[in-house]
Amino acid sequence: MRATSSFLCTLSFLSALLLGASPVVAQSSTLEAVKKRGQLVCGVNTGLAGFGAPDDKGNWTGLDIDFCRAVAAAIFGDGTRVRFVPLNAKERFTALQTGEVDILSRNTTWTMSRDTSLGLNFVGILYFDGQAFMVRKSLGLKSADELKGASICVQSGTTNELNLADFFATRGLTYRPVVYERLVEVLGAYANGRCDAFTTDSSQLIAERTRLTDPEEHVMLPDLVSKEPLGPAVRQGDAQWSNIVRWTLFAIINAEELGVTQSNVEAQRSSSNPEIRRLLGTEGEYGKGLGLADDWAVSILSAVGNYGESFERNLGQGSPLKIARGRNALWKDGGLMYAPPVR
Amino acid sequence: MRISTAKSERSATPFETWGGKLRATLFPTLLQSVVSLVLMALIAHVAYAFIDWAFIRAVFTGSDGSACRVEGAGACWPFITHKMNLFLYGRYPEAELWRVHLTYGLALAGVVPLFVPGVPRKPAILAYVLLVFPLLAFILLSGGVLGLPLVRTDLWGGLLLTLVIATVGIAASFPLGILLALARRSELPFVRWTSTAYIELVRGVPLVTVLFMASVMLPLFLPPDVTIDKLLRALVGVALFSAAYLAEVVRGGLQAIPRGQYEAADALGLGYWRKMAFVILPQAIRLVIPGIVNSFIALFKDTSLVLIIGLFDLIGIVEQSVQADAKWSSPQTAATGYFFAAAVFWIFCFAMSRASAALETKLQVGARS
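Chains as they are written, first to last, in my numbering: chain Z, 1 to 343; chain Y, 1 to 369.
What the hints contain is simulated information worked out from the structure, not anything from laboratory work.
Note that CB positions come from ideal geometry on N, CA and C, so glycine has one too.
Treat the hints with care, as some may be off.
Claimed, not checked - Here are some chain Y residues pointing at chain Z (derived, C-beta under 7 Å):
(1) T227
(2) A324
(3) K327
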């Protein structure tokens with residue numbers, strides 16, 4: 001995402017080579033190590049609105065942060081037993097690989113090369129992001145296809161710039177890119193009317209929009225230029241750990257589907273719905289398979305609530321960003337959030 | 001600009017009134033009057049634009065960014081006041097902040113008497129500042145002993161982190177730099193070569209690269225269970241980096257000392273270390289105080305580069321809040337935040353430069369005969 005100067009690229013490349021060359025560290029159980037330490041260590045963003053950032057008091061908040069707390073709750077029954085390590089884009093994979101962090105929960109796009117050749121595994125998708133366009137409402141545009149001949153502000157050296165070129169090339173449309181090194185400059189140029197549209201990942205675009213004097217005067221076009229599935233990743237080679245993190249994600253999605261929330265989770269333990277009873281450990285011994293207590297999901301939901309609650313609190317109506325659920329709604333509500341059943 | 005004749009005329013003019021003084025200094029000739037007027041207009045314009053932004057159009061109250069999202073609003077001060085603790089101490093636990101204040105107090109108690117003339121026992125105070133204080137500061141800030149709860153370094157941030165990195169960097173690089181400078185002028189070839197190679201290598205790479213290596217490459221060479229504290233990595237990087245620059249400044253001083261001084265020390269029968277410690281270095285360092293302070297100010301400002309390895313110094317934490325806290329986002333949040341950071345940096349750098357000027361006056365560096 002971020003523009004990188006070339007020598008940093010070279011260094012990243014060298015470290016990637018070293019990663020590839022060194023055999024994947026044979027892990028003694030990550031779960032045991034975390035339990036022994038008494039704390040989960042979670043790699044997070046150095047600061048991204050709605051996903052991971054400290055509030056006025058310095059407490060970390062965000063969707064990615066909530067997910068770390070959920071995993072900590074599943075293990076310890078206590079969502080506060082987690083330490084956050086802020087990582088920038090260049091050091092994030094090394095930190096996971098070398099064991100500096102147990103989980104990488106840092107709005108990282110799941111791609112094939114990352115999944116297969118960096119010694120790590122993505123466990124699922126926490127947020128379906130994608131590159132989008134923002135334009136002035138007064139232009140009255142309905143779709144990105146109408147941007148023919150438009151000038152478009154974009155950050156240089158990012159995948160956004162490449163995606164933009166691909167998007168217009170495949171449609172045979174002309175456009176004029178207006179590129180800047182830093183995102184704040186891109187926004188400034190757009191605000192001063194130096195371009196007709198501004199493009200970056202949609203979650204970022206919404207955060208940037210709140211910086212404008214008149215956010216209501218700007219709209220996002222419905223077209224998505226790219227797929228950016230963001231999700232947590234773990235080190236390769238520890239199936240149990242990967243299961244715990246994956247099923248933590250599935251638990252918060254299933255809980256939303258079943259209507260189990262932070263406030264009603266205790267009452268729901270005696271629900272008559274067998275799906276809820278299995279999720280909350282009233283029936284069966286599903287926690288055992290993960291090496292956790294059977295009420296693992298109860299701990300998660302008491303700590304952070306279900307996926308929908310976390311989404312609304314950090315990105316949705318409960319936050320300044322007011323992002324609509326869109327693709328991140330449950331599958332039965334027309335979104336893409338779907339989790340396998342607990343049984 | 002000023003020519004000598006104008007100067008002599010001016011000194012002949014009696015300054016009876018303020019008006020006369022002003023006229024003599026600002027408007028002695030037509031050309032100088034024009035220059036003065038143009039510059040005054042420029043300064044007034046910039047000053048007005050600043051006052052207009054910082055006070056007249058500024059927003060002073062509010063509990064989130066919406067208060068500042070007003071057409072034509074100036075600085076967004078509530079953003080600073082609400083985040084003041086975060087900017088000054090990072091995420092250091094609120095209940096433990098007294099430890100930071102006590103550390104600052106102990107530092108001032110040592111440093112201020114050093115600059116006040118007439119205070120007795122300066123060597124003892126210097127020993128406290130260099131030997132006792134660092135230990136006390138470490139115990140107080142980090143804790144984990146004497147019943148003080150442990151505060152992990154990843155909770156340190158803001159101005160506190162800036163000061164920690166700058167102080168440790170300065171304290172560690174100064175002796176190291178002197179040793180390197182001496183080594184580079186050593187008569188032992190191997191010592192000389194090693195020192196030269198080190199200095200040239202370090203001066204040949206940017207600090208960003210050193211920090212980046214320390215944070216990304218170093219862990220790859222360590223056993224999987226060993227992780228070195230991130231702050232420690234940064235401190236070592238900054239100190240080693242700064243030492244190379246300081247070595248060259250000190251070497252300049254060493255070379256400026258006349259040969260006679262070396263020979264005189266030899267003639268007195270002083271050994272190498274005594275010669276350096278009592279004769280050469282006191283004179284050499286006195287000569288290069290401006291260069292040394294220059295290096296220290298550069299180091300102080302370079303501390304903000306630790307952002308690249310995920311440590312949040314003052315600039316880092318302001319940037320983080322500006323970029324990532326949607327609650328406070330408004331068109332002026334960024335400008336206000338960066339202005340605040342710049343003002344704090346300026347205060348510290350200006351204080352350092354004043355302290356250096358005072359030291360020079362005391363040692364009469366300019367008046368060397």
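Where does the structure disagree with the numbered hints, that is, which hint numbers, in rising order?
-> Violated hints: none; all satisfied.
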